[in-house]
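S.K.: Chain residues, written in single-letter form:
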Amino acid sequence: GEDVEQSLFLSVREGDSSVINCTYTDSSSTYLYWYKQEPGAGLQLLTYIFSNMDMKQDQRLTVLLNKKDKHLSLRIADTQTGDSAIYFCAESFMKTGGSYIPTFGRGTSLIVHP
Amino acid sequence: NAGVTQTPKFQVLKTGQSMTLQCAQDMNHNSMYWYRQDPGMGLRLIYYSASEGTTDKGEVPNGYNVSRLNKREFSLRLESAAPSQTSVYFCASSTPRVGAGRSKNIQYFGAGTRLSVL
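Chains as they are written, first to last, in this note's numbering: chain A, 1 to 114; chain B, 1 to 118.
There are no misleading hints in this set.
Derived SDA-like pairs: lysine to any residue, alpha-carbon spacing no greater than 25 Å straight-line: (1) Lys14/B / Pro39/B; (2) Lys57/B / Asn28/B; (3) Lys104/B / Thr47/A; (4) Lys104/B / Met94/A; (5) Lys9/B / Ala41/A; (6) Lys36/A / Asn28/B; (7) Lys36/A / Asp38/B; (8) Lys95/A / Thr47/A; (9) Lys67/A / Asp3/A; (10) Lys9/B / Leu45/A; (11) Lys36/A / Ala111/B; (12) Lys104/B / Asn21/A; (13) Lys71/B / Pro8/B; (14) Lys57/B / Met19/B; (15) Lys57/B / Gly98/A.
None of these hints come from the bench; they were simulated from the model.
No experiment lies behind these values; they were computed from the predicted model shown.
Assemble the whole structure, with the sequences as input and the hints as a guide.
M.R.: This is the structure we're talking about:
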């Protein structure tokens, strides 16, 4: 099945690290994505990783991939109040007709306290 | 560069009314998508258009129709709105990169249309 699972809420203090977790279902060659949605806005791509990689780092963001457990995490270092948003994990699945379309998790609401 | 533009931003309908949500992209993308977002449900795919001239059903197509008018525009129509269609609707576009048995598909989203059906 096409299931991407995430916890719904995470609360952290400003300056701490945040870790948002996701589990996915397809262990074959696939791309996995993290999107951010700020209040009242659409989704914006934060980063992505291919399933043959273990880690990807981009400034304050670190993506870790555990292929054995099909577990993906997004770590945000030195979390700021501006990081408060909903974070979506997504995995590409092939649809009828050959199109690879991301399936999204339910989203994790990150709340950053001053 | 406007990206993906959705109109209207807000709409209130009565049960049974019809309306069309408009979406246009200026990034020359091949593929376009319509999603709905409900609290605690994430994004669910309604319809998509892999390329100009084609449309396919997604996860929740019932009660909706779409038209890929040209490469830039992809509209979503509610023929007879129901309260269950109260939601936030997002349009997205992309050009998937395919090769070596894999496909990278980075989507660009509009700001959404907030629809209430009374």
